[in-house]
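Engineer: Next come the chains, spelled out residue by residue.
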Amino acid sequence: MIIMKRLKNIILSALFTAFAFTSVNAQDVAEGEQIFKNNCGACHNTSDEALVGPGLKGIQQRRSVDWIVKWVHNPQAVIASGDKYAVELYNKYNKAQMTAYPNYTEGQIKSVLAYIDAQAAPPAAAAGAAPVAGGSAAPAGETNGGMMQYILLGLLGVMVLVLVALLSIVTSLSKLANSDAVTESGEKVSFLTKLADSGKKIAGNGAFKTGAALLVTLLIGKATIDAAYGIGMHQGYAPKQPIAFSHKLHAGEYQINCNYCHTGVYRGKGANVPSANICMNCHNVIKRESPEIQKVYKAIEKDEPIEWVRVHNLPDLAYFNHAQHTNVGGLECKSCHGEIEKMEVVEQRSSLTMGWCIDCHRKTNVNSEGNAYYDKLVEVHNKDNREPLKVQNIGGLECSKCHY
Amino acid sequence: MLNQKNISLLMTGVLVSAMTACSDKHNDTGTEFAPNMYHSVAYEPMSQSKGDTNTINPYGMNMREPVKGTVPRRDYGKQDGDSVATKLREMDLISRNINKDDMAASESLLSNPFPNNAKNLERGKEQYERFCQHCHGEAGKGDGLVAKKYAGVPVYSSDALKDVNDGHIYHTITHGKGRMWAHGAQITPADRWKIVMYVHELQKQ
Numbered sequence: 004m005i006i007m008k009r010l011k012n013i014i015l016s017a018l019f020t021a022f023a024f025t026s027v028n029a030q031d032v033a034e035g036e037q038i039f040k041n042n043c044g045a046c047h048n049t050s051d052e053a054l055v056g057p058g059l060k061g062i063q064q065r066r067s068v069d070w071i072v073k074w075v076h077n078p079q080a081v082i083a084s085g086d087k088y089a090v091e092l093y094n095k096y097n098k099a100q101m102t103a104y105p106n107y108t109e110g111q112i113k114s115v116l117a118y119i120d121a122q123a124a125p126p127a128a129a130a131g132a133a134p135v136a137g138g139s140a141a142p143a144g145e146t147n148g149g150m151m152q153y154i155l156l157g158l159l160g161v162m163v164l165v166l167v168a169l170l171s172i173v174t175s176l177s178k179l180a181n182s183d184a185v186t187e188s189g190e191k192v193s194f195l196t197k198l199a200d201s202g203k204k205i206a207g208n209g210a211f212k213t214g215a216a217l218l219v220t221l222l223i224g225k226a227t228i229d230a231a232y233g234i235g236m237h238q239g240y241a242p243k244q245p246i247a248f249s250h251k252l253h254a255g256e257y258q259i260n261c262n263y264c265h266t267g268v269y270r271g272k273g274a275n276v277p278s279a280n281i282c283m284n285c286h287n288v289i290k291r292e293s294p295e296i297q298k299v300y301k302a303i304e305k306d307e308p309i310e311w312v313r314v315h316n317l318p319d320l321a322y323f324n325h326a327q328h329t330n331v332g333g334l335e336c337k338s339c340h341g342e343i344e345k346m347e348v349v350e351q352r353s354s355l356t357m358g359w360c361i362d363c364h365r366k367t368n369v370n371s372e373g374n375a376y377y378d379k380l381v382e383v384h385n386k387d388n389r390e391p392l393k394v395q396n397i398g399g400l401e402c403s404k405c406h407y
Numbered sequence: 594m595l596n597q598k599n600i601s602l603l604m605t606g607v608l609v610s611a612m613t614a615c616s617d618k619h620n621d622t623g624t625e626f627a628p629n630m631y632h633s634v635a636y637e638p639m640s641q642s643k644g645d646t647n648t649i650n651p652y653g654m655n656m657r658e659p660v661k662g663t664v665p666r667r668d669y670g671k672q673d674g675d676s677v678a679t680k681l682r683e684m685d686l687i688s689r690n691i692n693k694d695d696m697a698a699s700e701s702l703l704s705n706p707f708p709n710n711a712k713n714l715e716r717g718k719e720q721y722e723r724f725c726q727h728c729h730g731e732a733g734k735g736d737g738l739v740a741k742k743y744a745g746v747p748v749y750s751s752d753a754l755k756d757v758n759d760g761h762i763y764h765t766i767t768h769g770k771g772r773m774w775a776h777g778a779q780i781t782p783a784d785r786w787k788i789v790m791y792v793h794e795l796q797k798q
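Protein chains in written order, with the working numbering: chain E, 4 to 407; chain W, 594 to 798.
Hints listed in this document are in silico derivations from the structure and should not be mistaken for laboratory results.
Any given hint might turn out to be false.
[As the list claims (entries may be wrong)] Not everything, but these chain W residues come out facing chain E in the computed CB check (under 8 Å):
no., residue
1, T622
2, T679
3, I691
4, D695
5, W774
6, G777
[Said to hold, decoys possible] Restricting the straight-line Cα-Cα distance to at most 27 Å, the calculated cross-link-like pairs of lysine-lysine (BS3-like) are:
no., chain 1, residue 1, chain 2, residue 2
7, W, K618, E, K301
8, W, K618, E, K243
9, W, K770, E, K40
Beta carbons are placed, not taken as given, at the ideal position from N, Cα and C, and that holds for glycine.
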């Protein structure tokens with residue numbers, strides 16, 4: 004066994020010396036990358052930016068490989084030995100102990116170092132890559148702008164056509180007005196008098212009078228009914244919020260679950276507006292300098308509420324409970340709120356009228372499977388009913404379910 | 594007479610009125626029947642009472658923070674049986690007495706009150722997807738969409754984390770660890786324990 008181990012060591016060291024003076028082995032870097040991402044990446048960057056621990060860029064210039072290996076194998080021992088650099092590091096990073104990795108061989112640690120160097124080393128390659136990235140981003144912007152320009156040009160064309168048509172109508176009308184017609188009796192009657200005469204004739208007609216009166220009454224009636232129906236309906240309401248929070252970015256692009264911020268949505272009457280500490284879970288790091296995020300920081304510092312404007316607001320006369328609909332009924336958020344993940348500013352999509360509620364209660368089947376609570380109800384319902392059990396059958400249309 | 598100037602004036606007029614009509618609509622709820630029903634006189638949570646109706650709290654806020662030193666006694670649930678409910682309560686009370694910097698105490702004192710079964714794991718997965726996945730990734734590889742921006746999200750199956758126990762994970766969810774901030778306020782103790790159970794599954798992957 005010992006001989007085997009020695010042999011292995013000799014072969015390994017021979018291999019290392021063989022590779023030591025050649026360029027960095029790609030395999031080493033790949034191995035190093037895997038180890039780094041699995042173990043080190045949670046606390047260290049390959050750049051010089053500190054995460055939990057220091058950034059590791061240029062670590063080989065700061066420390067010898069021997070020291071690094073010793074440190075990785077047992078950081079506590081290095082600190083205990085009174086190593087000045089180690090103690091300073093320990094104190095600088097809030098006395099947070101780095102996890103010891105005694106199982107990694109020197110070779111593996113060197114691979115990680117090779118990976119760190121490979122990440123840090125090619126500023127030339129990175130600089131070469133950056134303009135490419137920039138270049139690819141710029142045309143995207145341009146094409147976007149280009150599209151807009153084409154649309155605008157098209158619109159301009161349409162408007163010119165409309166203008167030409169209108170002008171031609173105007174000219175032909177004014178021609179008509181100017182060319183006075185000659186009556187049978189030979190008298191010259193101006194176009195305008197003729198128009199007035201025929202107007203008087205039509206106005207004298209009884210049927211026309213009734214028709215016109217009816218039309219006006221109907222129009223006024225429709226306008227009145229429309230206005231009356233609009234009372235208390237906030238559909239389309241999308242107020243400007245104190246902070247330009249984008250649901251499109253958070254729920255759409257980053258796919259953060261609604262429940263992460265709206266903590267009450269599965270267990271309470273209200274879905275809850277997140278408190279600032281939930282914003283801070285991410286924004287203690289992300290986009291701290293943004294003026295919009297700064298508003299959150301300011302609210303926390305001054306212990307002031309962020310005065311979000313309520314979008315969905317049922318009047319007090321109606322009771323609504325989120326948990327009952329999401330948890331028990333199994334409804335998706337978007338079935339009432341629409342595609343929030345596509346909204347830059349949240350808008351009330353559904354009408355939230357009583358008719359809208361009732362409609363859903365009439366159509367929706369109760370999911371009674373595997374729930375003993377419903378067993379008797381389903382049994383009684385099926386006795387004289389062929390339709391499946393709906394929400395309306397278990398009191399979903401009772402006045403006092405929502406109004407009390 | 595109608596000339597080009599008049600027409601263009603008319604058109605701009607129509608356009609402007611149409612646009613202002615739209616922008617108004619977005620910031621305006623429209624007519625409200627019985628407005629005191631919409632802007633409740635009674636104290637509603639998550640809202641501020643304007644004027645002199647709520648003078649007790651600053652800014653007319655209707656919600657208050659719990660009194661310092663009090664412990665919420667929640668419904669620990671009987672549906673999983675008395676023994677689970679008792680242990681859940683016990684674990685909750687112990688963990689509330691553990692300092693947020695004392696990971697070692699959590700590791701040694703806490704263990705999952707829930708039995709490892711399909712139902713609890715399913716619930717744990719659901720909660721993981723709601724509260725953890727956007728950073729920690731679907732399989733706990735630290736590759737969630739938010740992690741790309743946040744940086745420093747670990748891999749559960751890494752050597753440092755593949756063996757961490759119930760208490761360690763529970764403590765991390767409750768109080769945060771490293772770059773992660775506390776999530777105890779968002780997730781109930783019972784659901785935290787079920788997430789712990791599911792994270793153990795991800796450690797094996």
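Engineer: With reference to the structure, classify each hint as holding or not holding.
Structural biologist: Tested hints:
no., hint, result
1, T622, "5 Å, holds"
2, T679, "22 Å, violated"
3, I691, "18 Å, violated"
4, D695, "14 Å, violated"
5, W774, "5 Å, holds"
6, G777, "10 Å, violated"
7, W:K618 to E:K301, "31 Å, violated"
8, W:K618 to E:K243, "11 Å, holds"
9, W:K770 to E:K40, "18 Å, holds"
Against the hints set out earlier in the document, violations occur for numbers 2, 3, 4, 6 and 7.
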